[in-house]
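Go ahead and model the full structure; you've got the sequences and the hints to work with.
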Amino acid sequence: MSAARDRILGRVRSAVLGRTGADHPGAFHGWRPAPSSPDPVAGFTEVFTSAGGEVVHVAGMDLAAAWVRDFAASFAGVSLGVLLPDDFVPELSLAPAETAALGVSMATGAVAETGSLVLDARDGRRVQLLPPTHIVLVRRADVYATLAQALEVVSRDPPSAVGLHSGPSKSADIGQILVKGVHGPGRVIAVVVE
Amino acid sequence: MSKTRPADYPRAAAATLRDTPEVRDAVTAATRTFDTHRRESWAQIDADRWRDWCRDVKEHVLTHLDDFLEQAETSLVANGVTVHWAERAEDALGILEHIVDAGRVRRVVKAKSMLTEELGVNAFLEGRGVHVRETDLGEYIIQLLGEPPSHIVGPAIHRSVDDCRRLFHDHFGTPLDATPEALAATARQALREEFLAADMGISGCNFLVAETGTLALIENEGNIRLSTSAPRVHVAFVGIEKLLPGMADLSGFLQITARAATGQPIGNYVSLIRGPRGSAESDGPEEVHVVLVDNGRTTLLADDVAREALRCVRCGACLNICPVYRQTGGHPYGFTYSGPIGAILAPALLGLEEAMPLPFASSLCGACADVCPVRIPIPDILLHWRERAVEAGLTPFVERMGVRAFGAAAGRPSTFSLAGGLLRYVPWALGGRALPVLGGWSAERTPPELSREPFHKHWKEGIE
Amino acid sequence: MRVALFATCLGDRLFADACADAVRLLRKLGCEVDFPEGQTCCGQPAFNAGYVEEARRMARHTMEVFAGAEHVVLPSGSCAGMLRRYYPELFQGAARARAEDLAERTWELSQFIVRVLGVRELGAGLRGRHIAYHHGCHALRELGVRDEPVGLLRSAGADVVPWDADEECCGFGGLFSVKFPPVSTGMADRKLDSLPGVDVVTSADGGCLMQMSGRARRRGMTTPFRHLASVLLEATA
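Residue numbers (my numbering), protein chains in the order written: chain P, 1 to 194; chain R, 1 to 464; chain G, 1 to 237.
Hint data in this document are derived by calculation from the structure and do not stem from the laboratory.
Hints are supplied without guarantee of correctness; some may be wrong.
Unchecked claim - Simulated crosslink set (SDA-like; lysine to any residue; CA at most 20 angstroms straight-line): (1) P:LYS180 to R:GLU181; (2) G:LYS179 to R:PRO357; (3) R:LYS3 to R:ALA89; (4) R:LYS3 to R:ASN122; (5) G:LYS28 to R:HIS458; (6) R:LYS3 to R:LEU350.
Structural data, given as structure tokens:
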């Protein structure tokens with residue numbers, strides 16, 4: 001196997017021999033018109049909702065807990081992410097991610113320019129993917145203007161995997177008709193916590 | 001349906017247009033939608049600057065590819081990933097077999113990956129008694145149909161809603177008037193079981209970040225997230241050209257790829273994978289393998305003109321705008337990659353002779369170059385391969401003789417004029433019986449009318 | 001202003017009237033028109049089919065024929081594109097310099113009228129006419145000719161109608177049209193199927209006109225197809 005490695009690298013080296021220049025062009029500046037609002041949360045809300053996601057604003061973590069408790073009342077089983085605060089929502093009928101109707105996750109960030117939630121594997125991947133409805137909490141302070149900023153923060157303490165979720169699961173593979181919830185959640189609600 | 005080869009393109013394209021014209025309609029509708037979304041999305045940004053930047057980053061990477069590959073390997077290994085190197089398809093499959101045997105893998109879920117198509121992974125595993133299930137909805141549909149993908153991003157765009165209804169009716173007993181939502185729900189349930197029962201998930205990789213060893217995979221459905229999270233083993237096949245220097249570069253490429261492919265600001269799900277599950281994590285694979293694949297890419301890299309094709313981010317924008325591709329979809333090309341990008345990759349990945357006549361299956365209109373997010377000069381590369389084909393004697397004998405004769409006459413004006421005078425006697429009406437090339441025209445088009453007298457004669461007489 | 005006309009091989013035999021109209025038009029705009037003898041083919045069909053040596057030979061011949069010309073004007077976007085964009089790439093050294101020099105002096109007809117002569121209005125001869133303009137791929141993408149022909153038609157009173165597929169390839173592509181006939185025909189059909197009702201379809205390229213009119217006639221369509229040179233001459237009336 002290392003012989004294959006040496007041969008491949010050898011072929012690469014002789015292929016690029018003599019080619020000069022091609023310096024890195026520098027940072028990507030995402031050249032586009034200035035966003036309608038300097039507030040990243042407003043930007044995130046605009047892009048996330050236009051992709052079919054929903055956004056709710058709450059003033060604090062205790063209010064977020066109350067909101068989730070009320071929302072979850074009608075769901076058969078709820079699966080919670082590990083990164084949620086310990087005392088988050090005690091009275092819920094809990095279920096494993098494989099059978100829960102609702103999953104609740106704690107995002108480590110969000111991105112305004114792409115409308116993305118940053119989900120950490122440490123929170124629990126299956127909770128983020130298997131239940132058909134997904135609630136994701138994110139703190140206002142963790143909402144970044146650009147994807148580059150978010151990825152830089154993620155890189156400081158990376159888990160085994162990060163998922164950038166930018167709306168409900170969707171596909172247009174059946175005759176170009178858009179359907180939601182093909183594999184991932186068909187409904188995703190971001191709860192932005194002040 | 002057995003796979004065709006590039007040499008079958010003329011026959012296969014003609015058959016598609018003659019026997020299944022609905023394919024042309026379906027493909028045209030789908031590609032026009034993709035292209036419209038791309039245009040609207042690019043109107044929101046400074047597309048020229050984004051494209052220049054992306055081209056320059058990729059050029060930087062490709063010019064220093066050996067350094068970036070070594071850096072990527074070091075990062076991956078530090079993350080707990082096992083790195084393999086495969087020169088050819090059979091080597092990649094051999095590596096996969098070894099991992100399958102070592103892990104006693106019986107069931108595999110697959111994320112959509114053009115590279116695994118190229119390598120023939122599915123047939124290989126099935127031949128060894130491993131159950132393989134495609135999980136992308138479009139790939140799932142064509143797997144049930146037994147067809148190869150027709151398009152890089154939308155594998156089943158050549159199939160209508162009714163085709164899908166019939167297919168699901170045959171497989172699952174769903175009603176023939178089932179809604180797309182009902183069909184998708186059926187697929188979701190069937191595939192959910194597959195994800196949870198699989199021993200191994202196999203994926204490709206859109207970008208491999210050298211600095212951090214991060215694998216970035218783009219999708220809309222969530223099947224890639226599930227395929228790379230639920231099973232205990234994850235194998236990612238990565239073409240050696242997929243490298244990017246750092247996470248800052250990744251942020252640019254994730255956005256341009258999505259905007260070029262479907263007009264979205266980013267793919268609905270992006271998986272950023274570093275390695276196997278952490279000790280404090282409750283799920284995720286226990287083993288992650290990356291297979292770095294050459295399979296002709298170093299041949300391409302060594303070609304001073306064609307190597308620019310290695311910048312490709314597999315967005316499909318060139319397919320979406322190509323008026324030739326729209327006529328038939330991808331199947332008649334007989335190669336994993338179709339449309340403009342397929343025509344310029346095939347000669348390097350398959351060899352020029354095996355790739356014929358794909359470099360010629362283009363009118364050189366240049367629309368593809370207008371939309372490529374990494375500015376691949378596709379028409380110039382097509383011309384390059386055509387020149388190589390002529391040098392290698394791969395063009396038809398009659399054509400070579402005809403062009404040579406024409407070229408010789410064109411250097412001698414009196415001869416040229418004389419020969420031109422003979423045009424009057426060409427029996428266009430006889431079409432293909434007179435000369436095959438005439439048949440090509442006259443079958444479906446009225447032959448052109450000669451002017452009453454050639455212009456150079458009129459000039460001599462004086463123009464009023 | 002002296003102008004050397006390059007009729008092109010297609011123009012000489014199949015679009016002689018359009019070439020004559022180009023001469024009349026240029027004269028009306030105050031140009032003295034030469035027709036250098038010995039001109040044959042620009043070499044594009046051979047070049048596009050991969051026959052570089054033959055193309056180079058034809059390019060050398062063409063460069064000699066037009067060596068002394070101050071401006072070279074072609075009633076063909078694709079041939080003008082060949083001279084401007086690809087002739088320099090066929091050569092090295094002194095020959096390349098000569099090719100670059102020729103390229104700078106070479107123009108497609110409507111491009112010459114607008115950019116060199118500075119004429120944007122030809123008259124009112126097209127008032128009330130509904131015209132569909134086909135943008136040939138080489139004129140559009142190699143020469144960047146888009147507004148010039150449409151502007152000249154409009155300023156002469158024509159209604160240049162919206163046409164969904166106006167910038168899409170007609171399927172000619174030189175030898176492509178006979179190497180892959182059903183695909184080529186399908187592309188022509190796409191153009192014709194989306195064509196609104198018009199008095200005439202026009203374009204700067206004879207090959208495109210041949211392809212579209214050939215298919216239109218076979219389909220029994222009666223829409224006239226005329227070369228841009230002839231329509232622009234009519235505009236001066």
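Proposed proximity, R:HIS458 with G:LYS28 (alpha carbon, max 20 angstroms): 18 angstroms, holds
Hinted pair, alpha-carbon criterion (20 angstroms max): R:LYS3, R:ASN122. Please report holds or violated. 14 angstroms, holds
For a C-alpha distance cap of 20 angstroms, please report whether R:LYS3 and R:ALA89 respect it. 17 angstroms, holds
Would you check the hint for P:LYS180 and R:GLU181, treating anything up to 20 angstroms between C-alpha atoms as holding? 8 angstroms, holds
Agreement of G:LYS179 and R:PRO357 with the hint, judged by alpha carbon distance not exceeding 20 angstroms: 10 angstroms, holds
Is R:LYS3 close enough to R:LEU350, meaning Cα to Cα at most 20 angstroms? Roughly 15 angstroms between the alpha carbons, so the hint for R:LYS3 and R:LEU350 holds.
Hint check: no violations occur; every hint is consistent with the structure.
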